[in-house]
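Following the hints, position chain B against chain A.
There are 2 protein chains.
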Amino acid sequence: MASPAVDFARNNQQRFLNELKDLLRIPSVSTLDEHKSDVRQAADFVANELRRIGMENVEIIPTKGHPLIYTDWLHAPAKPTVLCYAHYDVQPPDPLEEWISPPFEPTERNNNLYARGAVDDKGQLWLEVKALESLLKARNGSLPINVKVIFEGEEEVGGESIAEYVRKEQAKLKADFALVCDTELFAPNLPTLCVGLRGLVYTEIEAQGAKTDLHSGMYGGVAPNPFFALIEIISKLKDAKGKVLIPGFYKGVTAPSKDELQAWKRLPFNEEHYRKAEVGSKVLTGEPGFSVLYRTWARPTLEVHGMPGGFTAPGAKTVIPAKAAAKVSMRLVPNQDPDDILNKYTAYVKKRTPKGIETKIKVWSKGPACVVGTDNRYIKAATEALRDVFKKETVFIRSGGSIPIVTDFQDVLKIPSVMMGFGLPDDNLHAPNEKFHIPNFHRGIETICLFFEKLGGK
Amino acid sequence: MASPAVDFARNNQQRFLNELKDLLRIPSVSTLDEHKSDVRQAADFVANELRRIGMENVEIIPTKGHPLIYTDWLHAPAKPTVLCYAHYDVQPPDPLEEWISPPFEPTERNNNLYARGAVDDKGQLWLEVKALESLLKARNGSLPINVKVIFEGEEEVGGESIAEYVRKEQAKLKADFALVCDTELFAPNLPTLCVGLRGLVYTEIEAQGAKTDLHSGMYGGVAPNPFFALIEIISKLKDAKGKVLIPGFYKGVTAPSKDELQAWKRLPFNEEHYRKAEVGSKVLTGEPGFSVLYRTWARPTLEVHGMPGGFTAPGAKTVIPAKAAAKVSMRLVPNQDPDDILNKYTAYVKKRTPKGIETKIKVWSKGPACVVGTDNRYIKAATEALRDVFKKETVFIRSGGSIPIVTDFQDVLKIPSVMMGFGLPDDNLHAPNEKFHIPNFHRGIETICLFFEKLGGK
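Here the protein sequences come in this chain order: A and B. Numbered continuously in our numbering, the first sequence closes out at residue 458. Numbered continuously in our numbering, the second sequence closes out at residue 1458.
Pulled out of the complex, with its shape left as it was, chain A reads as follows (with noise of 0.2 Å):
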């Protein structure tokens, strides 16, 4: 299929991966403080990137924390309209030792970019914005589908003012799909479409015994100990299987198809080298009866991520802490209600709080799974544009993870979303080295390329 956007993406590979580079150099680490103005200069750098290669309508918006960038092209009429979505923010660098090339040098080894933010998420930002310029350029600055563009800066800090931008801003935002570029391929070379996440419900139960701190070896014997109310409860919030013991946890739980269970089973998947390489434990653990894919992409889970309070520095202090809490999380599957779950778990946990102690629930995060149906035309779309640039017929996966924005555009704005990501499981998103594959960044943007064209039927 012959695309002059293809064409000119082609010829300007080396010129959109230093554009690329400029961009990684900028610090935009949006939980920290310091690096507020570095947050701004990346969203400056993009909004007039979108601005120079035809775009309209090109806006930063402030909100209460990073700006969001909004953009559009609007003259296809009859032609579907897409919502592009991906981030600017990443993740902060440290531990710093463990890069190799430091984190805001991008540099180039094996056919790969090491940078923070390489793939999570400027690199698949980037591609975005150069398939559009792409298309534009081939095109006489006209696009073959209506486009537009959100992009934010606060990805990495839950998002909090996408979400409200979103449900404010419901008209400017319509469109008949969205098109999110933040997830990967399921192996290198296979093109994969992600159409399912886990829900998540992050919770922290703050525990309080004593109204104030006592000695262990005066009190030891009659103080209650929140410490130890909290292990109790969680002790029985959770069977050492995995099987969560909450009442009615699993109730109404939606099963994958015969079909889809049947797909998993034929993707190239070696449990072995997943544990020892890429999870690196001992063993993997998780309910009996369900494989490694479905317990994290379909299985509910339950799991504790830190205990705060009482006394943590090293030595030993002998105190029975006044207070302490344990951040407890749950990823939901489909046709759990995060409101419903919340209800039974605070329920369970009130039942299960120990005479003495008083336990609060804290609420830091509350969405649904979601799961986009394979049948629809953009998905289809997708998968032959898939096809064209890796010659390969596309998978379908879930992730086990949580895109907030993606339950965002699927409940307030009623649309589906193409989960369309060019990363590879070992692209150390979230740690030291992260890195993109660079034939990736240049497949990616060929792909919406043709994804695009296809829909607006050439």
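Hints may be right or wrong, so weigh each one.
Which residues of chain A face chain B? A partial, calculated answer using Cβ under 10 Å [unchecked claim]:
hint, residue
1, 197
2, 279
3, 300
Across the chosen pairs, the derived CB separations fall in these ranges [stated by the list, open to error]:
hint, chain 1, residue 1, chain 2, residue 2, range
4, A, 247, B, 1041, 52 to 62 Å
5, A, 426, B, 1276, 56 to 66 Å
6, A, 245, B, 1358, 24 to 34 Å
Everything labelled a hint here was simulated from the structure, so no lab data went into it. What you are looking at is a predicted structure, and each value in this text was computed from that prediction instead of being measured. Every residue gets a Cβ at the ideal spot worked out from N, C-alpha and C, and that includes glycine.
Just chain B now, with coordinates in the frame of chain A:
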């Protein structure tokens, strides 16, 4: 009983208190590396004062940890020799936000002196020093008995150096009895000697799962979670009623005599007031069938003090940490051997460690319980001195805490300890707003003056 030493002490009360404030301003937190030079500064402060008041052979003894201070005055032939003990290190002050006045800015309120270390144990160290000064000044540079002094700066981190020094320098430290000022009065105005202490084994269970921190979205359901492993293990260490479940834990535990139990029943103790005013909890917990004093003084316990690791800052981080730890201690009673208990505990923890998790046990502190007989002349002289000052009969109590050095004095030097302390039950040891009731500071000085004079035959 007229005593020029007591007169001297009464005439110098304000100066003595001001000097104590100077000592309290030095943040000699022995558990924290960043305070190492402060601990050293506190040692210098005390040693300089011992020299100034006329004690001899003052030495600052370097150790692997924090220094010991030794001094003596040995010119009373045929009179008994006392070994005076106290410690100049303090607990960390956190949580800082709960202090009404800053922990290292000693502040007087309601006849109390508030500061970290006010009563534990700088205030009680200083009253020993000031008693020696008062005696020396009132008696033209001589003391009524022979005096050796050993002060340590590691009591709050396990006291390893002094234990080693006692074993190595038995001849140098040889005495007839020890005076240990690190305990409290059972009630305000009630002269009290402590004749029993619980032992302590303080451990940290370190648990490791995967080789690196993992995203709980991607890996929740397959990756071992060291927090959950610790929770599973610890929930099996003690039941909800406070019974320790380690096999053999209670084997051989010696109960107090009927007489001692009867005497405890006569002590002025109101359980409801204790619960409300001292513990400040909704209920008192612990083993059914044992009184509060029995549970805290003569029953073994197990507590969790803190669980370092993972994500503990405000907010949500969806991490399955590679490592987590739990600070777990056990209080021991007479006839429980710390090594034996540690072995049983270690074996039990290993047995309960789930697949995929590796646990290691670090020992921060280890010492047996200790009970002192009440029928020796030193205890008798001490009760007489206390009666002179307080105008009341002395009560004999135990303490739920541990003073390992008392065990070392007994086992290595073969001498009994007089545990004469002047704290109060609500002095907030190891907690925010630690205080010393100022009149008790002065009574302590007077009592020791009279105690030594009685033993010297005046």
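A quick look at each hint next to the structure:
no.	hint	result
1	197	8 Å, holds
2	279	5 Å, holds
3	300	9 Å, holds
4	247(A) / 1041(B): 52 to 62 Å	59 Å, holds
5	426(A) / 1276(B): 56 to 66 Å	59 Å, holds
6	245(A) / 1358(B): 24 to 34 Å	26 Å, holds
Hint check: no violations occur; every hint is consistent with the structure.
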